[in-house]
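Protein chains in written order, with the numbering used here: chain A, 1 to 438; chain B, 1 to 438.
Certain hints may be false.
The list cannot tell twin chains apart, which means a pair is met if one copy fits it or any two copies do.
[To be verified] Below, a list of computed lysine-lysine pairs in the DSS-like style, where the Cα atoms sit at most 25 Å apart:
1) 220 / 408
2) 370 / 408
3) 408 / 88
4) 404 / 220
Calculated directly from the structure, the hints in this document are not laboratory data.
The primary structure of each chain is shown beneath.
2 protein chains.
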Amino acid sequence: MKEAIKVGLIGLGTVGCGVYKVLTEQSELIRKRLGIPLIVSRIADIDVDRIRPVRVPREIITTDAARIIDDPEIDIVIELMGGFEPAKTFILDAIDRGKQVVTANKALLATYGDVIFKTAEAGCVDIGFEASVGGTIPVIKTIKECLVANNIRSLYGIMNGTCNYILSRMTDGGEDFQTVLKDAQSLGFAESDPTYDIEAIDTAHKLAICLSLAYGTRVKLDDIYRQGISFISQSDIEFARELGYTIKLLAIAIDRGGAVEARIHPTMIPFDHLLSSVGSNFNAFHFVGDSAGSVFLYGQGAGMMPTASAVVSDIVDIGRDLASGIAKRVPLRSYQEREIRDISLLPIDDIVTNYYFRFSAVDRPGVLSKISGVLGLNNISIASVIQKGRRLEGAVPVVMTTHKAREKDVRQALQEIDRLDIVLDKTIIIRIEDEELI
Amino acid sequence: MKEAIKVGLIGLGTVGCGVYKVLTEQSELIRKRLGIPLIVSRIADIDVDRIRPVRVPREIITTDAARIIDDPEIDIVIELMGGFEPAKTFILDAIDRGKQVVTANKALLATYGDVIFKTAEAGCVDIGFEASVGGTIPVIKTIKECLVANNIRSLYGIMNGTCNYILSRMTDGGEDFQTVLKDAQSLGFAESDPTYDIEAIDTAHKLAICLSLAYGTRVKLDDIYRQGISFISQSDIEFARELGYTIKLLAIAIDRGGAVEARIHPTMIPFDHLLSSVGSNFNAFHFVGDSAGSVFLYGQGAGMMPTASAVVSDIVDIGRDLASGIAKRVPLRSYQEREIRDISLLPIDDIVTNYYFRFSAVDRPGVLSKISGVLGLNNISIASVIQKGRRLEGAVPVVMTTHKAREKDVRQALQEIDRLDIVLDKTIIIRIEDEELI
Chain A
1 MKEAIKVGLI GLGTVGCGVY KVLTEQSELI RKRLGIPLIV SRIADIDVDR IRPVRVPREI
61 ITTDAARIID DPEIDIVIEL MGGFEPAKTF ILDAIDRGKQ VVTANKALLA TYGDVIFKTA
121 EAGCVDIGFE ASVGGTIPVI KTIKECLVAN NIRSLYGIMN GTCNYILSRM TDGGEDFQTV
181 LKDAQSLGFA ESDPTYDIEA IDTAHKLAIC LSLAYGTRVK LDDIYRQGIS FISQSDIEFA
241 RELGYTIKLL AIAIDRGGAV EARIHPTMIP FDHLLSSVGS NFNAFHFVGD SAGSVFLYGQ
301 GAGMMPTASA VVSDIVDIGR DLASGIAKRV PLRSYQEREI RDISLLPIDD IVTNYYFRFS
361 AVDRPGVLSK ISGVLGLNNI SIASVIQKGR RLEGAVPVVM TTHKAREKDV RQALQEIDRL
421 DIVLDKTIII RIEDEELI
Chain B
1 MKEAIKVGLI GLGTVGCGVY KVLTEQSELI RKRLGIPLIV SRIADIDVDR IRPVRVPREI
61 ITTDAARIID DPEIDIVIEL MGGFEPAKTF ILDAIDRGKQ VVTANKALLA TYGDVIFKTA
121 EAGCVDIGFE ASVGGTIPVI KTIKECLVAN NIRSLYGIMN GTCNYILSRM TDGGEDFQTV
181 LKDAQSLGFA ESDPTYDIEA IDTAHKLAIC LSLAYGTRVK LDDIYRQGIS FISQSDIEFA
241 RELGYTIKLL AIAIDRGGAV EARIHPTMIP FDHLLSSVGS NFNAFHFVGD SAGSVFLYGQ
301 GAGMMPTASA VVSDIVDIGR DLASGIAKRV PLRSYQEREI RDISLLPIDD IVTNYYFRFS
361 AVDRPGVLSK ISGVLGLNNI SIASVIQKGR RLEGAVPVVM TTHKAREKDV RQALQEIDRL
421 DIVLDKTIII RIEDEELI
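Using the sequences and the hints given, assemble the complete structure.
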């Protein structure tokens with residue numbers, strides 16, 4: 001039996017500091033549960049002298065990651081630097097030296113997961129990545145272990161704290177997107193360049209990882225339909241409320257038998273659904289398994305300590321294997337590597353759901369009839385209409401929701417409608433998830 | 001490497017049938033993930049010929065559990081008969097034969113856990129019991145593995161589906177306790193003798209298991225304060241609504257430093273808290289870890305397939321260990337057995353929380369002053385008062401909520417108040433969790 005587990009940390013940023021803090025402050029608790037001590041042997045960071053929220057002994061910090069990767073004493077390499085390179089090279093090198101790996105790098109795994117997992121498989125090395133999706137929420141473990149005997153019928157997730165913070169503030173405070181974004185930036189909830197979050201690229205990385213584990217598949221990021229939140233206006237939030245909905249940026253995966261639907265977009269969901277209650281910068285994941293039924297998980301999707309908590313759970317998990325003299329006990333991608341296959345994601349044109357349209361129409365009799373005429377000709381059946389107070393000049397909003405319609409038909413209809421001379425601006429469409437969202 | 005994992009099932013009731021269904025219908029999925037087949041070798045039940053929701057080959061059913069326990073071919077014994085005996089003997093015998101064990105028997109583990117876990121520890125045998133708490137919700141794994149490096153600051157749980165169904169119906173439909181209970185019984189959500197559920201005995205078993213894992217401790221069931229839901233009336237539900245609260249039966253554990261507070265009682269919680277949205281017969285668990293922050297889990301706490309899903313996740317977990325040639329990878333009670341200690345639970349007299357009182361007072365001037373006088377003399381400070389329309393004769397309800405008060409003071413004050421001649425009936429008290437419930 002090993003006498004201790006030694007770890008090396010690459011990247012001493014916010015999460016790295018959190019991990020160091022947990023591993024040192026909770027060393028007694030971890031030893032009581034793991035059975036042997038877990039020791040931070042060395043930390044690599046390009047900036048040795050920066051002032052950090054934790055005190056790290058100067059002598060264990062190095063600027064040279066190779067001093068971790070090549071150290072035969074170190075059992076587990078924890079990559080927390082982020083980005084593609086040199087993180088990818090460091091991870092592949094660590095695998096090559098037979099080291100177990102823990103990472104929170106969702107962009108890397110979503111983009112280069114195939115080569116990393118295959119290399120790890122060949123080297124009989126485990127990769128812990130619980131912190132890559134949903135921060136402190138045990139999403140990866142839930143898919144890989146808890147729902148192991150379930151076909152995942154669907155997953156609806158709020159996977160990006162920045163977007164949820166912005167949409168929640170817009171909903172609760174009546175403020176517009178730009179105002180809230182600026183506030184979020186000054187509070188540290190959004191980056192100075194917010195593209196990665198608000199255009200749902202971050203969410204796509206996380207959904208890709210979930211999909212690959214849930215269905216034992218390789219996922220091409222570009223096959224996931226993705227729409228950001230910057231077009232959402234306060235009037236859409238208010239119409240949603242009137243219709244009984246809340247707008248959330250949802251990542252959606254639905255098993256349609258032969259294919260899996262995977263899409264990310266602002267979504268109207270019923271006001272009384274648990275996902276509607278997910279406020280501030282929290283994340284949530286709503287799985288439906290064919291045996292388990294609904295399983296809903298909620299928590300902090302980011303932040304120093306919540307993310308560190310997940311990283312350390314991975315370290316202890318791998319530490320338990322090492323203490324037992326085994327490795328890679330649970331398949332890396334949830335299915336045995338030989339079972340990993342490519343599945344097709346349903347093209348966005350083929351999805352069928354409910355829609356909200358906000359038309360900018362001239363205020364003139366006959367408008368409703370013209371618009372609904374085009375919708376009807378495209379097999380789109382209207383569920384409700386809201387037409388508010390008249391204006392003397394300019395556009396008035398005409399809001400409609402639909403029964404189930406095919407996206408392709410919707411796009412065709414809107415192309416025709418937006419060309420009508422009674423329509424003054426591009427129509428806003430927001431998808432609605434209602435009946436299927438149990 | 002083992003070529004297959006063989007399991008024997010003792011107890012072919014509702015959950016047993018569900019487990020058989022998952023293991024056979026999902027055998028391909030399980031093999032793709034576990035790597036080797038998982039085979040049901042034999043099933044024991046006292047009733048061989050009963051008509052069941054699944055078709056089980058007659059030749060694998062026996063009335064003799066020993067044919068499972070003594071079979072050297074069987075790796076894992078799954079106990080799903082429930083009750084204390086002979087379940088306890090069967091489990092101890094199975095451990096004695098070196099078999100791994102999976103059980104959903106919360107009453108047994110809460111009552112005889114100490115001897116069962118110690119015996120398993122000595123025999124180097126694992127016991128899976130994910131299904132014993134929260135059905136399909138991965139509560140046990142979350143405490144033992146995901147929050148492994150966290151001190152659990154608090155746990156607030158809705159752990160009994162029957163009580164939640166009754167309280168939700170009373171809240172949504174305005175019906176009274178007895179009416180809803182009868183309905184729940186006819187729908188199969190409540191037993192014909194509902195004591196075990198509505199007096200919170202079932203919840204106490206589950207909280208005891210959570211406490212023992214979260215704090216690495218032995219728990220005496222009788223040390224957990226427990227109050228059922230049968231005294232809750234429609235008028236309390238309505239006053240709660242007026243005050244911005246929902247009434248739920250909560251199991252509460254709070255780490256108070258030297259001692260842990262453990263109590264179960266109907267509780268008023270803020271209307272906009274996630275726990276308030278847990279409707280019907282669902283369960284939910286809200287953990288606060290010192291690193292992880294809030295982690296909220298929700299799902300079906302009972303039922304054939306949800307419970308089976310959790311049982312099978314345990315079987316696969318243990319199967320992975322067996323396939324790797326190891327056993328008991330995670331400590332049975334979450335802490336290494338040598339670290340298990342007794343901790344003291346805070347006596348109910350010493351808890352400090354907010355209270356709701358509904359006094360049945362005569363309708364006469366000066367009542368409020370008399371009642372608030374007694375409260376004041378007992379260090380109880382009033383936060384709000386509701387005094388509704390006058391009646392010509394009989395009692396009128398006077399409702400008060402308090403700031404933080406000590407239970408001992410509350411009991412003393414109510415003893416005095418209930419003796420006043422202006423008070424016509426025993427005062428109803430319901431504890432409120434508000435500020436601390438983040």
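Non-conforming hints, listed in increasing numerical order: The structure conflicts with hints 3, 4, although it agrees with all the remaining ones.
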